[in-house]
Each structure stands twice: as C-alpha cells, then as structure tokens.
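Chains as they are written, first to last, in the numbering used here: chain A, 6 to 319; chain B, 15 to 319.
Among these hints, one or two may not hold up.
As the list claims (entries may be wrong) - Coverage of chain A stretches by chain B, computed from C-beta distances (three or more under 8 Å per stretch; other residues unrestricted):
hint, stretch
1, 26-39
2, 210-224
3, 285-294
4, 298-309
Don't read these hints as lab results, they were simulated from the structure.
A virtual CB, placed ideally from N, CA and C, is assigned to each residue, including glycine.
Single-letter residue listing:
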Amino acid sequence: MTGLLTRRNVVIVALLLFLVLLPVYSAVFDKPFLITLFSRIIILAMAAASLNLIMGYGGMVSFGHAVYIGIGGYAVGILAQESFPSGFLQWPVAIAVSALFALVIGVLCLRTRGVYFIMITLAFAQLLYYVAVGLDRYGGDDGLTIYQRSEFVSPLDLSNKTQFYYICLVLLFAIIGLTWRLINSRFGMVIQGSHSNDLRMRAIGFPTFRYKLTCFVIAGAICGLAGALLANHTEFVSPAMMHWTRSGDLIVMVVLGGMGSLFGPLVGAVALLVLEEALSGITEYWQIILGPLLLLVVLFARGGIIGLLSRGRA
Amino acid sequence: MLLFLEQCLNGLQFGLLLFLLAAGLTLIFGIMDLVNLAHGSFYMIGAYFAATFTLLTGDFVLSAALAFAATLLVGMAVEVIAIRRLYGRNHLDHVLGTFGLILFFNELVRLIWGPAGMNVPLPAWLNTHFQVLPGVDYPTYRIAIIVVTLLVALLMYVLVMRTRIGMLIRAGASNREMVSALGVNINLLYTLLFGLGAALAGLAGLMQAPILTVQIGMGENILILAFVVIIIGGIGSIRGAFISAILVGLIDTVGRGFLPDVLALLLDPRSASAISPAMSSMLIYLLMALVLVVRPEGLFPASSR
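This is chain A alone, in the form it adopts within the complex (with noise of 0.2 Å):
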C-alpha cells in the first residue's frame, strides 16, 4: 500500500488548503488583488474543468469551448442590461442557453471526428464570435459593461469579493465532484469507452453517439455557468470573452494540468495563470517565453504536471 500519501495527493492537498485559506492571508497581509487573481483562476477552472470532461475522459477536443463561457456571460449581461439581476433568473438561463447551443454544436460536430472535429468547432466558436460583434444593441465589439452583479437573497452578496471568491470555490468543487460522480458512473464508463474504442462500443450496443452529445452538452451547461461567473468577475462582457485564443488556452490548461485527470485542470489554470501573472511581471514580450514553453510541455511532459507528479514514484 503506497496509500494517500503519494506525492501527488500531497501537492493537490496543499493546493486545496492554499485556496480555502486564500482571503484570510490576503486579509492578514493586505494584498486584495490575490482575491481578484484567485477568483478569476477558480472561474476559469471551472471552465477548463468542464472541457476536460470532454476532452480528458471523452477524447473529444474541442477548439471552441469558450464560446460558452461568452454565452454565459452574455445571458448575464443582457439580463442586466435590461434589468432582471435576479441571480435566479439570470443564472439557470446562462447554464440553459449555454446547453441549448451546446446540444446544436454537438449535434453537427459529433458527425465528424478528429481533426474535423478540432476545426470544426473552432469554425463555430467564431460564427458565434461574430454573432456578438453583431449585437449592437449590446455593445457589439466594444463589449457591455454589467453594472449590477447578479442579485440573491440577503445574506448574499456577490459584490463582496471574500463571498465571491467562496461562492466560486464552492460552485469549482461541487463540480470536481460531479465529475467524479460522472466518470465512475455507468455513463462514464460509455464515455471512456468510446474514447478508447468507439466501434467497439457500437458493437456492443451502446448508443455511443447519444453518450457523447450528452456529455458535450453537460460541458457546455457547466463552462456556461463559469461564463455567469466571468461576467459577475469582470462586470463586463465582450466578444473577446469567446475569442478562438481563449479556448487555446482552456485546452492549454486542461493539457498543462493533466489531461483526463480530476484535478489536473484546476492545477492547469492555476500554474498558467500564475504563470502569466509572473512573467508579465518580468518582461512586457511574457508570450515569447510562454509559447516555446507551451511546445516543451507538449514534448516533454506528457500527462502534465499531475503525470509529472505520478511519475518516479518510487
């Protein structure tokens, strides 16, 4: 018995500890802005989260994923812009209109596989992308500012960036789990399946097709949800929230962290993000180091960080 005291279990721990005790250092040594980073890594996340249940468990990369988050935040934004803040209202159509399209990417682009599938939904991430240049009435490319975060009941305040910050946790971890729940499960398994072996799969009698659009339109509802988030986040919208880099990057996450790994996304976001926020710090050119970095990640360091914390164990 290695048990749960593998280096990697160790390192996620600490990771997990570090997030929950975040707002109490930041309070203790005045550095508020670590809130405001943090937030921001947790949503984005959950969106990397969300792809890699796709992507991860069900093989299936999608280079348009933050088209949702874009959905997402623009069911917000519109929300409030013609004033219904209610959280209740605005929230639950985020997550439905992000499944809603998600149900017709995934129809069209479930037809095709592999690189097709890659460029396809890319190709749609931008039809939509040009979809929000053309909402005039919303800002088109200058985006829309949301000067009210969404509205609960009293003892929520989303304006209070501590409550933030916990609410998003909270929403990051309950999805960790459903994840958890998801791939253990029976549809899971079709899922992981299909990923190894779709014909097989056929063969047996599994529907794989229906599995598979099922999954992509639950990735879809929860990297809305995070787009909900973004725009509460950000107090604004734009087209950029869903430009093609942005879903490079939640792929890049997703890869950085461990792909088909449970917590590998949540380290992906954090290590790029943290990552950015450093070497932005060094140098105004940061992307020329992160680029030549990102193709050693993929030659060197297969399974990510989390594989690279599996491996060598003694």
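Given the coordinates of chain A, work out where chain B should sit on it, guided by the hints.
Chain B alone, transformed into the frame defined by chain A:
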C-alpha cells in the same frame, strides 16, 4: 451589373489567396499528418518581410521575391527546430505545440517591428487600372494577384504530380519508412515541403500587404477561414481546396457586397445595416455547417487517406 462583376473578381482574388494558405495547410496535413495552427504566422511574417524589404530597397517586386525566400527559410528553420519533433504525435499535441508557436511569433513580431501596423506602397505601374471589359476598370494589382496565384497553383500541380520530388513526396505520404529505406532523405524532403507550405502562406501575406495594413494577428482570422476552406473541400485534397477556396472567396465577398441590399428589402434600413456585417461574416460558416450535414468528409474527400 458592373458592380457585381467587380465583386466577383474581388471574390475570385480573395479565394485564390485563401487557396495559397489552404494548399499549404492541406498539403502538410495530407502528407505529414500534421495540424499546423502556426500557418497563419507565416502569412503575417511574409507580409512583414515584404514591408521591411520595400522600405529598404524601394522595389516592391524585388522585395516580394526576397520576402518569399525569407519566409521559406523561416519555415524550414521552424520545421527543423520544432515541428519535426511533433510528427507521429496525436493531433492535440500538434494543436498545442503550434498554438505555442503562434504566441511566440506574435510576440517576436511585436518585439522586432513594434506594435504599430505598417503600410506597403504599391509601385506606380501596378497602381493603375486595367480595362477587363469595355467600360469595366479593375485595379491592375488585383489582376496581378489573380494571375500570380493561378500560376503558383499550376506550378504546384506540376511539382507534386509531374516531377521526381513530387513523386517522392507522394511516396513518403503513403509509406514513410519504405521511402527512407530506399535511400531517400525523407527528413530533408519534409523540411522542404514544410518550408514550401510556409512560403506559400508568406506569398499570400506579402501580396495582401499593399491592400491591407500589415499588423500583428493578421494571420489568425484568415487562418480560420483557411480551415473552413479545407473542411469544405475535404482535408488533404488540393483539388477540393482549390474549388472550395474560390467558393468561399466568392460567397464571402459577394455576400458582404450585396447582403445589406438584400436585407434592406426585407427589413427596415436601420436594423438591416445593423445586422448585415455580422450576417455576412457568418455566411461561410453557415455554408460549412450545411456541407457538414450533407457530407461530413467534405466535398472532395482525399482518396488516399
């Protein structure tokens, strides 16, 4: 009617430019099984090289030739340093690795050329109009683009289908090990092929340079259009890329030209002018969705793969 003809010519010219990008992408994918997102970066680099050489020499045609050669060299260097290590990996690795290259090239260009865009002046003899039909004037430079791209397409066909190098490339596509066992330096061949693909993208970029502003990120939007082209045409098929590039070019350009008028007939003018730019950007994606529903493998799926 004259306007329509002019728009069609514009569409043809844009489509042929798209073909230059799509041909490189689909060739590299069809033969090396590599998804190259950084293809748009070569488009950008070609345009920047052309801008710089024009500033230095003052001769656009000479600069274009120099920029073409320089992009070829950059492409080959990138293949040797980075891309070579990605062969045989899965497509996700390609996407990520070349996404990293995009970030790198965008930042490198910002570092070298600065964040401001550049403009490339046309020489006087190209900056004229040409009478296509009696009463129809069309810019000489755009005619030149159409002629050059058609020539390049023809040359490529001859190179791949009618020469010894082309034969080796096709042989390498079907069985890499066997070709290399027969004593052919397949690595060099792949480097050359990748360089050629990059140079074609560079050519598209440098020819667009006098028409558009040369700026960072210019390669990315057109890259996605090139993806759409090869999805519609069928990945790996040059013939499919050619036909669908022209189709996409025509639909995009003519749509942009006439959709506002069509919408104005159906809607009130204010909302028509508000939604038509977004609608025309969406047209080709709708076309792609349609093709996908009818033929998921594209219009002309490559037979070899």
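Hints, one by one, checked against the model:
Judged by the Cβ-Cβ criterion of 8 Å, the stretch 26-39 of chain A is not covered by chain B as claimed, because only 0 of its residues qualify and three are needed. For the stretch 210-224 of chain A, the assignment as covered by chain B is violated, since 0 residues bring a beta-carbon within under 8 Å of that chain's beta-carbons and 3 are needed. By the rule of at least three residues with a Cβ nearer than 8 Å to a Cβ of chain B, the coverage given for the stretch 285-294 of chain A holds, with 4 such residues. Counting residues of the stretch 298-309 of chain A whose CB lies closer than 8 Å to any CB of chain B gives 6, so the stated coverage by that chain holds, three being the minimum.
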